[in-house]
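Combine both chains into one complex, guided by the hints.
Protein chains in written order, with the numbering used here: chain F, 1 to 429; chain U, 1001 to 1318.
The set of hints was computed from the structure by calculation and includes no laboratory data. There's no promise every hint is true.
Think about it this way: if two alpha-carbon atoms lie no more than 25 Å apart in a straight line, the pair counts; the simulated DMTMM-like pairs of lysine to aspartate or glutamate are [unchecked claim]:
1) F:K377 to U:D1284
2) F:K324 to F:D370
3) U:K1084 to U:D1065
4) F:K226 to U:E1030
5) U:K1130 to F:D37
6) F:K104 to F:E114
7) F:K324 to U:E1134
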Amino acid sequence: MIDARSSAGRNDVQPPPSLGATEGFEPRVDARRRRADLWRQGFRASTLVAILVLAALLLNVANSAFGYTAVQVKRDPATVLYHGVALDQLDAAGLVGLLESELKPGVVRRLNGEAPLVSRSVRDLHALATERIVQPKVVRTWSLLDSVFRRGAVRRAHAAEFPNTALVFRSWLTADFLLSPQDPDPEKSGVSTAIKGSLWMILITILFAFPVGVGAAIYLEEYADKRSRINQLIQTNINNLAGVPSIIYGMLGLAILVRFLQPFTSGAIFGMAGGDSPNGRTILSGGLTLGLLILPVLIINGQEAIRAVPQSLRQASFGLGGTKWQTIWHHVLPGALPGILTGAILAVSRAIGETAPILVIGASTYVALDPSGPFSKFTALPIQIYQWTSRPSDVFRNIAAAAILALLILLLTLNASAIFLRNRYRAKG
Amino acid sequence: MAIAAETVSASGRARAEVRASLRRRSRPTESVIQGLLFLCGAISILTTIGIVFVLTRESLRFFADPDVSVWKFLTGTTWQPHLKQFGILPLVNATLGTSAIAMVVALPLGLAVAIYLSEYASSPMRNALKPVLEVLAGIPTVVFGYFALMFMTPLLRLVLGADLVSGYNMASAGIVIGILILPLVTSMSEDALHAVPRSLREASFALGATRLETSMHVVLPAALSGIAAAFILAISRAIGETMVVAIASGASPNLTFNPFQPAETMTGHIARISSGDLSFNTIDYDSIFAIGLMLFLMTLGLNAVSQRIVRRFREQYE
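Chain U on its own, in the form it takes in the complex (with noise of 0.2 Å):
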């Protein structure tokens, strides 16, 4: 443009046409491919329109039902779908029953790897330690649903006897989820504790405080919104896991608070019904998108909270 300028002002023919050929031309491939690219990013958008209508139409399809009831599904106690009971409770106790399982056995030990992995190891023995847990967190989750029913459930039973830990349980689903999602909890906190600034270790250390009062009572706190982020995440891919529960937690929905019980989890239920050719406009099909929708909205909830505390955390650095 500023060229353009430039010519206007000195006169001439030859200078004309030079001004004609710098001018800024069309190029309409040039905006048909923007055009393009903005609909590639746009399929994300469709997709989640796609994820919530399908979910709601089909949960107001199970809720025009007349044996059920919006009231009755949040509040039953006993889902039984050929008995025309579709209480959810059963299926939200067992899926919050494994997820606090999974996080008891996930919190302390991604914490305490995070840590070692952050303030204690040297490089090198860091560089052997990462690809094991990357391997880790590559394995299939239908891995470590064989890995629950061949591994822990034999193990649980050895050790706590037979009468006592069902062939199928909640306890050694959980303690798997709890081992799948241990890298996620160890890299995220990991990338958390690296950020808190080496100024703050330097300055306990100066103080005269041990490695572990640096890391606990300075590194730690320093990066707990980031850690707090990690667990909100692995909570949220705890209730979201499907096929650990679905081999390994039993099939039967039971509303039961002894870990050692078999009860199907929401997950669980959704992938055994619609395992097979499940027929469309039953409402045994119906009924596994309201499921669906309670699930979306949990993680959904989760999620958002995850993303808050760590656009937070973010800001406290940059």
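Same shape as in the complex, but just chain F (with noise of 0.2 Å):
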């Protein structure tokens, strides 16, 4: 401080050398404002670049979302007709009938092992009949930017190098893509996989984190002496865990859960493995994974939480005879709530992004099924995504995009609830 003091008197602000040169003093007055307006400038425009990031950031995910597609198709949808209705104007029973007459037998007998086409909705039929006699595909996609200030050039490229094609305009984020399973082929793919998965890893990390680090919280906040050497110990080393990479969480996780535990992990000892041999790389390894990985953020912020509540309360429970433990059951804890949920709330977003973990615990990069409980194997979004992008061909580039925009989604929502969550509370404070 006593630097800081001293530079500043240092600086040009030293008075001139007699009280009457002023003409000597303007002039530096105005080169140092000049300097001063320089570098405003200067942070005013490394501020914008954040912001442009942010926004090139956004644009580029959104432009290999949506853009022109050139689809070939093996047949014309308006040369499929059954008895002269079209493709587009069938009812259930009409679809069933186009697809037996349309397909071999033997394929129409697997579907129907699959599952009875007439019990089937119209939507799926529908599908299946574009699937399978339509067969359209993709055989090359624009960037939105292209697609919309290029449009032009877009049309010719087309014209020219995919002549037999039709040219759509096509979202790759769709209702069918987000309740499709997984598959090889990218156009068909889903992510509904991926986000069943990920969702039951979340509730696992929510169902293990969350009564564990509010418990942290308030041992560390209301009972634990802060002189003790364990407790000082405790309060340490959760500042030293809330900075480990997340990559060695994953590999603690493939080495204790996936690997010592996994008669545990893969449910060998209740009876419930799945598939054929007995594999720690399930659900419930990933979801204690990712919740020890969020558990030093927790319970920091459950501290902080409990720490905002003030002692008068305590007294007051004190006063009228409460024990320590209904004190904190039914004073520190309803008051310290929304601060616990709304940190509870961002660490569990974090969760759900976090790849690295779960990718070194084995998350299988192709499961078709969805997962069925906390012993399946199991895909998660941000797995996916990282899959799909390391592909080199473009269709995987545009459902990598795809499902990031779905993550986003998700994880806007999540925030947005924390904000409202935390505003709410500041109001009633």
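Next up, the structure:
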């Protein structure tokens, strides 16, 4: 501080040699103002850069998630008729009839084996008829910016390169995309398996980390003697854990949960192991790993929320003869809950986006079956994005962008609810 | 207790009964609850012990392999697991390279934004800008990886030429990591600047200093320790960052000082080797734990330094 003051004094603010020498003083003031202006522009520009980067990131994702595609069809949908009715106008019975007349009997039998055609919904049947009879295939995609601002060039390129295809503006993020399971063909692939995997995993994370985190925060704030060695150790340790790279947690999960505790995490000791051989790479391992990861953040947040509860509330409760736990349970916790919840939502939204730790514990990248419980093999939304981004083909990049949009929307919803909670809490306080 | 003492002095049967009802009762549930809560706190210790134990044990197994020695691991310049060459230098070099690029981006930019927010921006402006940074901080790292590969790399190739910049490279990963840690640098630095007492600024203004001179010569030096702590924590974050380098920096351990060449980092290598079904009891499995131990020690050291600085900084103002 002393340094700061002396350096300010040392600066060009020294008084001029004599009070009358204002001619020498004025120009320097101007120069100083110019310099100040220049730097202020610099600071403002830096802030602008930060905003532009965020805009570029979002635009970059949207750029691949929407745009023109050249679609090649095996049969023009206009020529697909059943008793003179066009494909789009057919009802369920008509669609079944169409499928039975167009497809080979063996294929129809197999489809009936998966789920009887007559019991399927019109939407499913329409999608099936399109997929099997029209057989559309995306042969080239254009970015959103090209599609909007260089429409003419896109049209010309399309006409020159793919004369026999239709030029269709397409959003890769569709209801079908969100509801379909994973598929080797990127055009049919969806994220429902990944979303369910993420949700299951987060459920485990919350069930494990929330009670433990709140419990630890209560212990450290209400019970722990701040001078005792062990409590100081716990506190330092939590601060250190918050800085450990997430991939290290993945390695902890891999060695302890997946490998050492395999009978537990694969469900074998409960007789619930899925699949042929017990394997610890399950939703349970993923959820617990992420739980350990967000625990330090949860504890630190919880401590702050508990500390913010006025001491008078505790004293009032003690004065009426409440025990320590009664005081905490009935007075401290309700007061701290909004703060705890806000921190918890932010921690959970961080966990949803975490990729590295669950990549290391071995979330499978290709899982076609929806997870059925904590002992299922699984994939998660960020893993799916990573996997698709690493593929060289264009269409994979498009669906990666669509999956990112789905993830960002999920996270924004969570964050918005946290901000809403915080503001309500502030208004009350 | 005081009440109990009073009742003792005044004798009488009725009073004795009151005394009995006021005597401190033993409450087993209370102690059980306290025990449970202590266990919750102790889980964090168990986590640390678990991390240290796992990393050390598997690393020891790795170094027990006849093809591996600690010396060759620390000084070897080739990492080729299938040739039994385990020299960590290419991975460490790439990690330090991407982190250095990240810091070159994040430090000036983050500090400038922090100074702008804390010293220049009006309060509505600040309220509008802070959510932008919060949104940036909330975006998952895998999205930044996508951004590095799909935006930053093409941009670099466009500006500097596709011959110079390879399709996977350290520069674009480093720049994007810099953007990723920008909110951390900004918010911690701004907190530090904010903690400088107003009186210091007012004294400087009263002496005729401009806002810039006040910021640079009064506020910044006073907040320096807090800013230094933010920088060190940011370096630690950059070193531990995984997804951006796994996606954008290439998949070959490569000892190069050219930022436009592909080079795999420590975290990138761990992610690549362990994605998919890595079988236990292989040297690949053991080797990632040795890298992990190295990574853990590096980040732990940086975090410890950062915390020590923050503690000192706090003592100054409280």
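For this session: Compare the structure with the hints numbered earlier in the document and write down the numbers of the violated ones, lowest to highest.
Result: The structure conflicts with hints 2 and 7, although it agrees with all the remaining ones.
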